[in-house]
Each structure stands twice: as structure tokens, then as C-alpha cells.
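S.K.: Heads up: the protein sequence lines correspond to chains A and B, in order.
Per my numbering, residue 1 is the first one in the first sequence, and the count goes up by one each step.
Per my numbering, residue 265 is the first one in the second sequence, and the count goes up by one each step.
None of these hints come from the bench; they were simulated from the model.
Some hints here could point you the wrong way.
[What the hints assert, rightly or not] Here are the simulated EDC-like cross-link-like pairs (lysine to aspartate or glutamate), alpha carbons at most 20 Å apart as the crow flies: (1) A/K104 to B/D463; (2) A/K158 to B/E469; (3) A/K99 to B/E477; (4) A/K99 to B/E469; (5) A/K6 to A/E222; (6) A/K104 to B/D432; (7) A/K104 to B/E477; (8) A/K99 to B/D463.
So you can see what is in the structure, the chains are spelled out below.
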Amino acid sequence: MPGYLKLDHLAKTFARNGQASEVLRDINLVIDQGEFVSIIGHSGCGKSTLLNIIAGLTPVTLGAVLLENREVNAPGPDRAVVFQNHSLLPWLTVYENVKLAVDKVFAGRKSRAERHDWIMANLDLVQMGHARDKRPAEISGGMKQRVGIARALAMEPKILLLDEPFGALDALTRAHLQDSVMDIHARLGNTMIMITHDVDEAVLLSDRIVMMTNGPAATIGEVLPVTLQRPRRRLELVSDPRYVAARETVLRFLYERHRFVEAA
Amino acid sequence: MAQPAFKTVPPPAGPAPRPSGSARILRLPGRAPGARPTGWRARAGALAATILPPLVVIAALLVLWQIAFGKPGAALPPPSVIWSEAKDLILDPFFVNGSQDIGLGLRVLTSLERVIYGFGLAAIVGVLLGALVGQSVWATRGLDPLFQVLRTVPPLAWLPISLAAFRDANPSAIFVIFITAIWPVIINTAVGIRQIPQDYRNVAEVLRLNTVEFFFKIMVPSAAPYIFTGLRIGIGLSWLAIVAAEMLTGGVGIGFFIWDAWNSSRLPDIIVALVYIGLVGFALDRLVALVGRVVTRGVSVT
Numbered sequence: 001m002p003g004y005l006k007l008d009h010l011a012k013t014f015a016r017n018g019q020a021s022e023v024l025r026d027i028n029l030v031i032d033q034g035e036f037v038s039i040i041g042h043s044g045c046g047k048s049t050l051l052n053i054i055a056g057l058t059p060v061t062l063g064a065v066l067l068e069n070r071e072v073n074a075p076g077p078d079r080a081v082v083f084q085n086h087s088l089l090p091w092l093t094v095y096e097n098v099k100l101a102v103d104k105v106f107a108g109r110k111s112r113a114e115r116h117d118w119i120m121a122n123l124d125l126v127q128m129g130h131a132r133d134k135r136p137a138e139i140s141g142g143m144k145q146r147v148g149i150a151r152a153l154a155m156e157p158k159i160l161l162l163d164e165p166f167g168a169l170d171a172l173t174r175a176h177l178q179d180s181v182m183d184i185h186a187r188l189g190n191t192m193i194m195i196t197h198d199v200d201e202a203v204l205l206s207d208r209i210v211m212m213t214n215g216p217a218a219t220i221g222e223v224l225p226v227t228l229q230r231p232r233r234r235l236e237l238v239s240d241p242r243y244v245a246a247r248e249t250v251l252r253f254l255y256e257r258h259r260f261v262e263a264a
Numbered sequence: 265m266a267q268p269a270f271k272t273v274p275p276p277a278g279p280a281p282r283p284s285g286s287a288r289i290l291r292l293p294g295r296a297p298g299a300r301p302t303g304w305r306a307r308a309g310a311l312a313a314t315i316l317p318p319l320v321v322i323a324a325l326l327v328l329w330q331i332a333f334g335k336p337g338a339a340l341p342p343p344s345v346i347w348s349e350a351k352d353l354i355l356d357p358f359f360v361n362g363s364q365d366i367g368l369g370l371r372v373l374t375s376l377e378r379v380i381y382g383f384g385l386a387a388i389v390g391v392l393l394g395a396l397v398g399q400s401v402w403a404t405r406g407l408d409p410l411f412q413v414l415r416t417v418p419p420l421a422w423l424p425i426s427l428a429a430f431r432d433a434n435p436s437a438i439f440v441i442f443i444t445a446i447w448p449v450i451i452n453t454a455v456g457i458r459q460i461p462q463d464y465r466n467v468a469e470v471l472r473l474n475t476v477e478f479f480f481k482i483m484v485p486s487a488a489p490y491i492f493t494g495l496r497i498g499i500g501l502s503w504l505a506i507v508a509a510e511m512l513t514g515g516v517g518i519g520f521f522i523w524d525a526w527n528s529s530r531l532p533d534i535i536v537a538l539v540y541i542g543l544v545g546f547a548l549d550r551l552v553a554l555v556g557r558v559v560t561r562g563v564s565v566t
């Protein structure tokens, strides 16, 4: 479905101590169903704010977010978020963390047994079924993030929002999880929006890369379609001229045209 | 495994395939089996190390006390007199020789019953009010000054007004416990609620948890370590308050027992009662701490 999610003239101004600071200005973007879109930019450019606006966690100052042509301005399980720091509840086991979401979203729609099967299906999807009775403190960072993804997927969201999901992980774990996300995207065909500051990650995973200009009053500088066919394998891509070209375009945008000036 | 015994004395320097395994096997023939402390022995040793020092100190204090007050005409009874005069109270906590002549264990239980009602009520109301104050800026602004003033009122200062309101000793004593224990519960809960990470709130918002679900599934577990700190302070204060309140309200109870013993000059009984109060207070504190540890396991680690 084309035009599944529309960001229509979004703007965000934070008022702090009577001083207004414009974070985002005039963001326009149309995302199709099943598309994987990355939003990349230097830190402080407001990309996390943008994701929070789509999630409904932050209200907009101007403009609107339209999902299936209906305005959304409050958070809901149709836009599940995978948070940067996993945000699992430490007093619940892996299973119970996913259960919290499933019980809430599917209350009255699925029987107890169906909900159990659905929880396990999602844990198995991220290869975490074996750790169902562990608490978040007992598993590694990568595993926590897997559970975070399972919890988000278990809500059957229309859009999966990933807020720098692999930022806190080591390079090897990150690569594993990127492959998992690609695999899930291929299997389920979800619409996904990912915030990242990793150029390779953006090129590898995305159908389109949205590049943000620097704040204050950041906006979309350029949108790069990545036409590499799927499934993508990182080893084969390294020497693929289209991959190299896409990577170069993003790098040039970030480091030539919109160089990050360290807090002046 | 097939290493010959001559390797016992020097540590294996060569490229042993399993260093720890072979070292343990090689050590065996060199030493008598009894030389290594076994599991229960190590545990008994650790137990003795924790129990012996306080026992020694208590014994020393009893001896000093006996020497200091052992002479005839001393103001306070020495341990030997306490033992001979209050032996029944020490040895049998649960005897019943009539309505006013009962064992200290039974009196403590009566006091505990009041504490359970008063403290239980304080815990429930305190957590709810604390959640309100922690969650809402306006509730904080409105209620916090009131709390800060009221919490400094000494427990017994509440007793006359509560006697006037309830017109009965028992509910008045329970109210005094309630009003004493509630402040640390409210204040600590509020702090705990304010410390809930924004991430958990975001999770709750995405899931659209309603107020009741948010309270039970996010707030209480997340703030549990703080809540239990408040409860632990609260139970200590309750126990302080009940003894004082019972001294004034009378009836059955460990506090009234002390007052009664003072009026009939039974000093040995008072001292035995003090030991009871101390032990029960200690047990209550540990009980709440234990429940807190069980309930909050996993919460403090993020």
C-alpha cells in the first residue's frame, strides 16, 4: 500500500525556561507498507524526537502523522517501539516481558493457549525461546535487544519503530542482529523505521535512507533509495559498486555537506 | 588423568590439557582426606564466627551488670534476681493464669495484632498516597507541605485526639500506629515513583496500560525497593509507638504490662519485657527486609 504512513509538515519546538528551541522543521515523508526506512543524521539532529513523534510519545507542534490516512497523536501498539536500551522490565522474565504486551494487545482476541503459542512463536522468531525463564539481568545485551524486538513484533504492529536498536552492542553482535532483522523483515514484510548513525547499517538494511540536516531546526536533507536486491548478504555487498556508491552518498552527505560542528 | 604420581610436588608446568582438573587429582594422594575442610565444617565455622562474638559480649555485659548491681540495696535488680523472680516469664511465654496474668508471648501477640492492623492500613494507604504524590506535580505541591508538618508530630501526641474520635482504646492505639507508620511509606513510595525510568513509562504508553494496570505492573514493582525501605522504617516506628500507646490506653499488651509492672514495682518483669520488645522489633524488621528481598529480586539491576 503506497502512502501507508505520511509525515505531513511536521515541526517540533521545545519550550524550556521560556526559551523556545526549534528541533524539527517541515518534515515531509511518505512511507509505503512493507518498506524499510532508515533515518540517519548526526547526534542531536532530532532523529530520536522524530521517532518519538511517530510513536506518539512526543506531541507535535505543527503538522501531523497519518497512518492509513488517519491522524495518530497518541502512543499505541500499532506503532511498536524497540527502544535503544531495550527497556525490558527487570522484574519480569523474558517470557513475562513479552506476555505483558501480548496479554494487553490480544486481550479478548486470543485464548490463553493461543497467547502462549504467540509469545513462544515470537521468542523463537528472535531465537530466544531457550531463555524464556531468564530475567533481563541474566542475559547479554544482544539477547535483551532480541527480546525487545520480540516484544515489539508480538504486538503485531502496523509499523515497527527501531530507535538505534543496535547502538549499544558490539560489532559482531550487531551484525548478527542486523541479519535477524533483515530476515524478519523478509519473512513478515513489516513496515520498519530505524534510527541509526551507522552508515553501513543504514545501507545494508534499508530500502530508503532518510538523511537529516543538522539541528537546530533540522529537516530532511536528502532521501536515498537503495536498490540492492534482497536477500542481501554483507560479504557479497562489500565489493558491490551500488553498495559502495550508496555508502559514499551517505558519507558525503554527513561529512561534506552537513559536517557536524561540535557544540559551538 | 594418566599423569604419574611424581608430578605431585612441583605444579604442572608443561602444557597440561586440563590444568585445573589434573592439579586437583594430583593433590589427592599427598594429603590426608581430613585436612581439607568439608562443606558442613566450613559452614559450622562461619556460623560460629557470627554467633560467638555477640554471645561473648552478652555474657560479659551480664557479668558486669551482676557485679555493679549485685549488692543489696542496689537501685536495679541484677541478672540473678531477675532470673529468680521472673523465671516464669522467661521460660514460658504462653502461660495463662487468669485474665490479667498471662505470659509475655501472649501479650506481645496482642500488641502485634494492633500493629498488623495499623501498619497494614498504613502500608496500603501510604503506597496509594505515595503513588499519587510521586506521579502528580499538583498532588505534590498540595500535599507535601502538609505531610512534612504532620510527620514531625510525635506518635503519642495523636493519642488524645484519637481517643476523643474513636472513644475506645483499641482503635485509638491502631490509629496511632497508622499515623506513625504512614509517613515514611508515603515519602519513600513517592521517591520511588519519581525514579521510574522514562523507558518503563514509554513501554506502558505504547501498550496503552490503564491507570490500574500501570500501578500494579509498572509502578509497584519498579518502586518496590523504595517502598520496602519505607515499610521497614514504618514497622520500626509502629513498634515504637505501640508500646508507648499501650502504656496510656491500658488493657492487654506488652506496653501496658510494663506500666503495670512499674506501678507494682516489679522491676525484673520490666527488664524481661524490654528484652521481649527488642527481640520482636528485631524480628519484625528482619521479616519486612526478607519479604522485601524476595519481592524485589531482580528489580535493582537494570
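S.K.: Check the hint pairing A/K99 with B/E477 against an upper bound of 20 Å on the C-alpha distance.
M.R.: At roughly 14 Å apart (the allowed maximum being 20 Å), B/E477 and A/K99 satisfy the hint.
S.K.: Hey, A/K104 versus B/D432, does the alpha-carbon distance stay inside 20 Å?
M.R.: Violated, at about 48 Å.
S.K.: Just to be careful, I want the Cα atoms of A/K99 and B/E469 compared with a cutoff of 20 Å; is the pair within it?
M.R.: Between A/K99 and B/E469 the Cα gap is close to 16 Å, so the pair holds against 20 Å.
S.K.: Would the hint linking A/K99 and B/D463 be met if the CA-CA limit is 20 Å?
M.R.: 18 Å, holds
S.K.: Run the distance test for A/K158 versus B/E469: straight-line Cα separation, threshold 20 Å.
M.R.: Satisfied, since the Cα-Cα distance of roughly 16 Å is no more than 20 Å.
S.K.: With a cut-off of 20 Å on the C-alpha distance, tell me whether A/K104 and B/E477 pass.
M.R.: Holds - the C-alpha atoms of B/E477 and A/K104 are around 10 Å apart, at most 20 Å.
S.K.: For the pair supplied as a hint, A/K6 and A/E222, is the alpha-carbon distance within the 20 Å limit?
M.R.: OK: A/K6 and A/E222 at ~17 Å, within 20 Å.
S.K.: Please work out if A/K104 and B/D463 have their alpha carbons no farther apart than 20 Å.
M.R.: The given pair, whose Cα atoms are some 18 Å apart, holds under the 20 Å limit.
The structure fails to meet hint 6 from the earlier list, while all remaining hints are met.
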